[in-house]
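Model the placement of chain A on the given structure of chain L, informed by the hints.
Residue strings, one per chain:
2 protein chains.
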Amino acid sequence: MIRFVFDFLSPYAYLAFHALPELAERHGRPIEYVPVLFAGLLNHHGQKGPAEIPAKRVYVFKDCLRTATRMGLPLRPPPSHPFNPLHALRVSGQAPPELRRDVVRGLFAAVWETGEGVSDPAVVERIAAEAGMSPEAIAAATSVAGKQLIKDHTAEALRAGVFGVPTMLVDGELFWGLDSFDHLDRFLGGTDPVPADLLDLWRHVRPSAGR
Amino acid sequence: MIRFVFDFLSPYAYLAFHALPELAERHGRPIEYVPVLFAGLLNHHGQKGPAEIPAKRVYVFKDCLRTATRMGLPLRPPPSHPFNPLHALRVSGQAPPELRRDVVRGLFAAVWETGEGVSDPAVVERIAAEAGMSPEAIAAATSVAGKQLIKDHTAEALRAGVFGVPTMLVDGELFWGLDSFDHLDRFLGGTDPVPADLLDLWRHVRPSAGR
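So the protein lines, in turn, are chains L and A. Residue 1 is where the first sequence starts when you use this note's numbering, and the numbers rise one by one after that. Residue 1 is where the second sequence starts when you use this note's numbering, and the numbers rise one by one after that.
So that you can see chain L by itself, here it is in the shape it has in the complex (with noise of 0.2 Å):
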């Protein structure tokens, strides 16, 4: 089993999306989907997020212009960034297990494809009903146990470490953005080359300056 953490206002998330089904497969795990808020996230580690720099906020678009186009797949802004993601992030928390990845996907190509965006709740619960959710799932989106779902993912995202997404959980270890895929696939193949020693010296580093 390999955790996917997402949120859809990450455009390394939509990448990543698009890439882990490849790899997962090859190492014969499936893929669960954790929608969480990202910003609860930055919230609990005081962080802010790319899109609250200027100065990275279009390097990151840019980065990931080129990463889109390399890997062939489209890449347009949405309406507005960053947006309020809880209604498409509660949507696909209720989407059956069978339907998950065709709801995220159908969220995240409005989000990041189509510049439809994912704002206005009528166009989220069009794209979960045109994915097959019933009437009665999407319902359960703004349920008081649907709205708590994103809330339980996202405080044990934290437990495990999580600072940002997209993140993969796989047996333990945390692997962080689209550019850990080289290194979770080495894990996964049994040849993650961390050694142990170094990692106990790293843990016990102490800081001699402060800002």
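Watch out, some of these pointers could steer you wrong.
As the list claims (entries may be wrong) - Example chain L residues on the side facing chain A (calculated, C-beta under 7 Å, incomplete):
#	residue
1	Y33
2	A39
3	G40
4	K48
5	V60
6	L65
7	S80
8	F83
9	R159
Because the hints were derived from the structure by calculation, they are not lab data. In this text, a Cβ means the ideal position worked out from N, Cα and C, and glycines have one as well.
Relative to chain L, chain A alone:
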């Protein structure tokens, strides 16, 4: 010319320092080494460094260990981290152009290979002398002009849109991180795929949600 913007604090900068010459030579570009104060970039952008987010701190070293192993480079943490890199930055800023790479290599090695660190000014000065720097050039590091140089480099990097290290500045473009080498390679080869119309769309996208 490729301007390599770095701080000794960053293990990614250490790895990129060793990876860059092959790429630069292939495209016939000389490298200019530009020491900046990473903390100054973070302060300007109101951002936390990876080492300041506990969950990210261990991940980053693990990620670097994996990459270093793949690259065949040693990677061992310094005695403390974060540490104050100012003296090392200032000394490397005073190295004459023909010695600059050797001085920077020696200081990076003290931080990320030998476990010695660069918190002790005497160690920094010994390494600079071993690389061929004169006592006068080393002494210039602590002059008013020597201190100002690093401030100027940092301010100039900020004006160029730099938000992290390592950054490679080339022909008005900015490439951030070891992970951007593939993109940098294509850019230098004249096959950089950034569709201007899509990039322009992104520049005009505004937030519709904050935190």
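Now for the hints, and whether the structure bears them out:
no., hint, result
1, Y33, "22 Å, violated"
2, A39, "5 Å, holds"
3, G40, "9 Å, violated"
4, K48, "5 Å, holds"
5, V60, "9 Å, violated"
6, L65, "5 Å, holds"
7, S80, "4 Å, holds"
8, F83, "5 Å, holds"
9, R159, "10 Å, violated"
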